[in-house]
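Asker: One-letter residues, chain by chain:
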Amino acid sequence: MKKTLRILRRASKDSEPYWQEFEYETADGSATVATALMTLPVTWEHSCLQKKCGACAMVINKVPRLACDTCLADLKGDSVTVEPLRKFPVIEDLLVDRKDMMDRLEELRVWFANGADVSRGREMAFEASKCLQCGLCLEVCPNFHAEGKFGGMAAMAPLARLISKMPDAQVKELRRSYKKAVYDGCGKSLACRDICPAGINIEDLLVRSNAAAIWKRRLRDEEE
Amino acid sequence: MAESISYINIIGAGLAGLSAAKTLAEKGLYVRLVSVQPSQRAQSNLAEGGINASLNVMGEDDTVSGHFEDSMKGGCYLADPVMVKGLTEAAPSIVREFEKLGVPFNRENGHMIQRNFGGQKKKRTAFAKSSTGKALTTALIDEVRKHEASGHVLRLCHHRFERLLLKDGRCEGVQVFDIYEKKVMCMEGPVIMCCGGLNGMFPGMTTGTTANTGSAAAELFIQGVEFADLEFIQYHPTTVPITGKRLLVTEAARGEGGRLFYVKEDGSRCYWLEEKFGVRGNLMPRDVISREEDILGRQVYIDMTALSDETWKKKLPDLREEIIHYLGIDPKKEPVPVSPGIHYFMGGIRVDEGHRTNISGLYAAGECACAYHGANRLGGNSLLGAVYGGRVAAETAADESYRYFESAADNPPALFRTFESISASEKEAEARMERILVKGLSVRRNEESIKAALNELHTIISAEMSDEFEARYYLAEAMLLSALERRESRGAHTRLDWPETKDEYKKITVARRGADKTVISFEKITGQENG
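As they're listed, the protein sequences go chains A and B. The opening residue of the first sequence carries number 23 in the working numbering; numbering runs sequentially from there. The opening residue of the second sequence carries number 4 in the working numbering; numbering runs sequentially from there.
Hint data in this document are derived by calculation from the structure and do not stem from the laboratory. A hint or two may mislead.
To be verified - Calculated cross-link-like contacts (lysine-lysine; reagent style DSS-like; alpha-carbon spacing at most 30 Å):
{"#": "1", "chain 1": "A", "residue 1": "Lys-171", "chain 2": "B", "residue 2": "Lys-267"}
{"#": "2", "chain 1": "A", "residue 1": "Lys-121", "chain 2": "A", "residue 2": "Lys-201"}
{"#": "3", "chain 1": "B", "residue 1": "Lys-185", "chain 2": "A", "residue 2": "Lys-202"}
{"#": "4", "chain 1": "B", "residue 1": "Lys-430", "chain 2": "A", "residue 2": "Lys-35"}
{"#": "5", "chain 1": "A", "residue 1": "Lys-121", "chain 2": "B", "residue 2": "Lys-149"}
{"#": "6", "chain 1": "B", "residue 1": "Lys-335", "chain 2": "B", "residue 2": "Lys-430"}
{"#": "7", "chain 1": "B", "residue 1": "Lys-335", "chain 2": "B", "residue 2": "Lys-267"}
{"#": "8", "chain 1": "A", "residue 1": "Lys-202", "chain 2": "B", "residue 2": "Lys-103"}
{"#": "9", "chain 1": "B", "residue 1": "Lys-149", "chain 2": "A", "residue 2": "Lys-109"}
{"#": "10", "chain 1": "B", "residue 1": "Lys-430", "chain 2": "A", "residue 2": "Lys-24"}
{"#": "11", "chain 1": "B", "residue 1": "Lys-185", "chain 2": "A", "residue 2": "Lys-121"}
{"#": "12", "chain 1": "A", "residue 1": "Lys-35", "chain 2": "B", "residue 2": "Lys-335"}
{"#": "13", "chain 1": "A", "residue 1": "Lys-201", "chain 2": "B", "residue 2": "Lys-279"}
{"#": "14", "chain 1": "A", "residue 1": "Lys-35", "chain 2": "B", "residue 2": "Lys-185"}
{"#": "15", "chain 1": "A", "residue 1": "Lys-194", "chain 2": "B", "residue 2": "Lys-186"}
{"#": "16", "chain 1": "B", "residue 1": "Lys-125", "chain 2": "B", "residue 2": "Lys-149"}
{"#": "17", "chain 1": "A", "residue 1": "Lys-238", "chain 2": "B", "residue 2": "Lys-186"}
{"#": "18", "chain 1": "B", "residue 1": "Lys-430", "chain 2": "B", "residue 2": "Lys-126"}
{"#": "19", "chain 1": "B", "residue 1": "Lys-30", "chain 2": "B", "residue 2": "Lys-76"}
{"#": "20", "chain 1": "A", "residue 1": "Lys-194", "chain 2": "B", "residue 2": "Lys-185"}
{"#": "21", "chain 1": "A", "residue 1": "Lys-194", "chain 2": "B", "residue 2": "Lys-126"}
{"#": "22", "chain 1": "A", "residue 1": "Lys-109", "chain 2": "B", "residue 2": "Lys-186"}
{"#": "23", "chain 1": "A", "residue 1": "Lys-210", "chain 2": "B", "residue 2": "Lys-316"}
{"#": "24", "chain 1": "B", "residue 1": "Lys-185", "chain 2": "A", "residue 2": "Lys-109"}
{"#": "25", "chain 1": "A", "residue 1": "Lys-238", "chain 2": "B", "residue 2": "Lys-103"}
{"#": "26", "chain 1": "B", "residue 1": "Lys-88", "chain 2": "B", "residue 2": "Lys-509"}
{"#": "27", "chain 1": "B", "residue 1": "Lys-125", "chain 2": "B", "residue 2": "Lys-509"}
{"#": "28", "chain 1": "B", "residue 1": "Lys-279", "chain 2": "B", "residue 2": "Lys-125"}
{"#": "29", "chain 1": "B", "residue 1": "Lys-103", "chain 2": "A", "residue 2": "Lys-121"}
{"#": "30", "chain 1": "B", "residue 1": "Lys-76", "chain 2": "B", "residue 2": "Lys-335"}
{"#": "31", "chain 1": "B", "residue 1": "Lys-430", "chain 2": "B", "residue 2": "Lys-442"}
{"#": "32", "chain 1": "A", "residue 1": "Lys-121", "chain 2": "B", "residue 2": "Lys-442"}
Build the full structure now, drawing on both the sequences and the hints.
Answerer: In structure tokens, the structure reads:
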């Protein structure tokens, strides 16, 4: 298999971006964009190579995806375009700074102040725990803007983990955070639903979180 | 006033680093949590099967001493018993604490359940389906965020470790490189290394991450940090090569009833482990099964088709999805071909029971440290070892930091040389080094193969190599020398020419880099009465 990787590069955050093409040839039919990038002198973030860490999020043929989860053979044509995520500042080549996404969780006080309610919400907590903080959901979201109040699904999932095991002492604060950072800004386009590389059941998580945080319903304790 | 704060530096933000940061912050101390990438990218997230603790919730009369005995036996009595005792005693409270941090451990009828794991006589492994590492790390990231907000934890999450700042044999700080700003930073204070295993010495050949390059360990080695038991590399018996790495089929697959077999000439299946070791044959420790697979020399399969719908749905849905995604095989319907793959490094930075290294002011925890696993780690003990080790290292560093800050204030450490990047010609040498290590440190070794590897290794070094390459070269050499000098078979170290386990080698292998050579010695296991 032979592919031309057309990569949008940038020497530093202050310099102009430019396109550069690389030829990549491999006998490995399961090679991914990550496999190819490993051989190129391009800066990008990578770690697990099996869609469990979210490091290699980028835009491939105009679609936001993980490089390690994008099989070259599945891409049509001989040429593949690779660009950095667009909603985060570029540091170099395909490396972006996703600090704002993670800092928002600190602003929203995403932690258990006095411990979780152990007995409830296990399935929901498991689903929410899967969030990789890769940022792909923000990339496709029509409502997310870096400077806005809406944190997108990258804020929803961590909040949903707390909501699933919501201790009574933290109810008010969590509801306020959730309303501000998720409910008020979400236009329900659900573009994030199909893009999540962790396969989080976003619609279900959203429905359950809305029920608990907005409509003040008690979550079902499914396993008890 | 930021200037007046004294920080303890933690290098690595996986479970061990997070655990150390949490411990220090809870004591009211201040931490710089340094990592190349954020915690979400750490290898801890990849751990699947579970975390061991004798919670005794399965009606099997499990005890702490049972966990201790199994861990010591699994490690072929090479781990420090005092340390393993501490680990196993703390385990139940650690798991209960994670429950309070919101980890969705599997439960039934109102209480947590545990599963079977290799080398353990009781159901002792608590789990969140087969994504336990991810669930634990997510919970600990949230908990540490609380301390970031209070200012006790300062995250530096695009910063690469370069070297220790040493003065008169003491660690007085650390030099890191800010990848975003492309600048070198020197930071005072004690240092806790939580930099993970040595996967990067075998790129593409392990179940781990590319972020664990091994370069931090290599630099420590040439700076005089002692390493121990480097010859003990865990080959996990059920892995599958995929593009760029090896995919792990969690031991939980066998814990829940999966069976290993090969196909005989007549087409029938042979469950040879069950024939050889009895009903628990599929749950023998990892070193045993990997060795058996290597001796067998045939394609082995794991059969999970008899697992119930309930088990697939509630306990292993993520494993099934993963196998279908990467291998195009539905494990519920057909067996999966597997083989041994590098998974964990039992050896690493030599630490004592307080996780001190041989250098004052330097501590180590998690997979980078040689601590709890002896000659072979039991599944479910790595997450536990990372969390507990991080905590102990932090407690020791906290106790000793007051002394440190008093004396260090007037003597700022000097700036050392700056980082050099690896050239293209070195990449080829790196690739050769990997091939050499794979050959020399295969599942079964002998003097001839190890010496051949050493001889070949010695041909790839030249004066033009960068400092970083040189450091990695010396660490690679130390791994091979450790394997050469241990003239016995024990745990993950199988010598074809020395098949017996010998009492005289019930010692740890210590590797030290001197002025111009690496010295290997065997030293008494601390805490072992008859070591």
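Asker: Now look at each hint and say whether the structure bears it out.
Answerer: Checked hints:
1. Only pairs whose Cα atoms come within 30 Å are accepted, and Lys-171 of chain A paired with Lys-267 of chain B is rejected, the gap being roughly 63 Å.
2. Taking the CA atoms of Lys-121 of chain A and Lys-201 of chain A, the gap is about 22 Å. The hint holds against a cut of 30 Å.
3. Between Lys-185 of chain B and Lys-202 of chain A, the direct Cα distance comes to roughly 36 Å. Violation of the 30 Å bound is thereby established for this hinted pair.
4. For the proposed pair Lys-430 of chain B and Lys-35 of chain A, the alpha carbon gap of about 27 Å is at most 30 Å, so the pair holds.
5. Simply put, Lys-121 of chain A and Lys-149 of chain B have alpha-carbon atoms about 17 Å apart, close enough for the 30 Å limit, and the pair holds.
6. Between Lys-335 of chain B and Lys-430 of chain B the CA atoms are separated by roughly 42 Å; this puts the pair beyond 30 Å, and the hint is violated.
7. A C-alpha spacing of about 22 Å is found between Lys-335 of chain B and Lys-267 of chain B, which places the hinted pair at or below 30 Å, so the restraint holds.
8. With a CA separation close to 26 Å, the supplied pair Lys-202 of chain A and Lys-103 of chain B stays within the 30 Å bound.
9. Of the pairs offered as hints, the one joining Lys-149 of chain B and Lys-109 of chain A holds, with about 26 Å between alpha carbons and a cut-off of 30 Å not exceeded.
10. For a cut-off of 30 Å, the pair hint linking Lys-430 of chain B to Lys-24 of chain A stands: about 23 Å separates their Cα positions.
11. Annotation: proposed proximity of Lys-185 of chain B to Lys-121 of chain A holds, straight-line Cα distance about 17 Å (limit 30 Å).
12. With a C-alpha separation of about 49 Å, the suggested pairing of Lys-35 of chain A with Lys-335 of chain B is violated against the 30 Å cut-off.
13. Between Lys-201 of chain A and Lys-279 of chain B the alpha-carbon distance is near 60 Å, which puts this suggested pair outside the 30 Å criterion.
14. Restraint check for Lys-35 of chain A and Lys-185 of chain B: the C-alpha separation of about 11 Å stays at or below 30 Å, so the hint holds.
15. For the suggested pair Lys-194 of chain A and Lys-186 of chain B, the alpha carbons sit about 44 Å apart, so the restraint of at most 30 Å is broken.
16. The straight-line distance between the Cα atoms of Lys-125 of chain B and Lys-149 of chain B is roughly 36 Å, outside the 30 Å bound, and the hint therefore fails.
17. Between Lys-238 of chain A and Lys-186 of chain B, the direct Cα distance comes to roughly 50 Å. Violation of the 30 Å bound is thereby established for this hinted pair.
18. With a C-alpha separation of about 46 Å, the suggested pairing of Lys-430 of chain B with Lys-126 of chain B is violated against the 30 Å cut-off.
19. The hinted pair formed by Lys-30 of chain B and Lys-76 of chain B fails the criterion: a straight-line CA distance of about 35 Å is larger than 30 Å.
20. Restraint check: the Cα-Cα separation between Lys-194 of chain A and Lys-185 of chain B comes to about 43 Å, which exceeds 30 Å; the hinted pair is violated.
21. Of the supplied pair hints, the one linking Lys-194 of chain A and Lys-126 of chain B is violated, its CA atoms being roughly 40 Å apart against a limit of 30 Å.
22. For the hint pairing Lys-109 of chain A with Lys-186 of chain B, the CA-to-CA distance comes to about 25 Å; that is within 30 Å, so the pair holds.
23. With a C-alpha separation of about 29 Å, the suggested pairing of Lys-210 of chain A with Lys-316 of chain B holds against the 30 Å cut-off.
24. Taking the CA atoms of Lys-185 of chain B and Lys-109 of chain A, the gap is about 22 Å. The hint holds against a cut of 30 Å.
25. The straight-line distance between the Cα atoms of Lys-238 of chain A and Lys-103 of chain B is roughly 23 Å, inside the 30 Å bound, and the hint therefore holds.
26. Restraint check for Lys-88 of chain B and Lys-509 of chain B: the C-alpha separation of about 18 Å stays at or below 30 Å, so the hint holds.
27. Restraint check: the Cα-Cα separation between Lys-125 of chain B and Lys-509 of chain B comes to about 27 Å, which is no more than 30 Å; the hinted pair holds.
28. Straight-line distance between C-alpha atoms of Lys-279 of chain B and Lys-125 of chain B comes to about 21 Å, which keeps the hinted pair within the 30 Å bound.
29. The hinted pair formed by Lys-103 of chain B and Lys-121 of chain A meets the criterion: a straight-line CA distance of about 27 Å does not exceed 30 Å.
30. With a CA separation close to 33 Å, the supplied pair Lys-76 of chain B and Lys-335 of chain B exceeds the 30 Å bound.
31. Restraint check for Lys-430 of chain B and Lys-442 of chain B: satisfied, since their Cα atoms lie roughly 19 Å apart, inside the 30 Å limit.
32. Restraint check for Lys-121 of chain A and Lys-442 of chain B: not satisfied, since their Cα atoms lie roughly 42 Å apart, outside the 30 Å limit.
Checked against the numbered hints above, the structure violates hints 1, 3, 6, 12, 13, 15, 16, 17, 18, 19, 20, 21, 30, 32; every other hint is satisfied.
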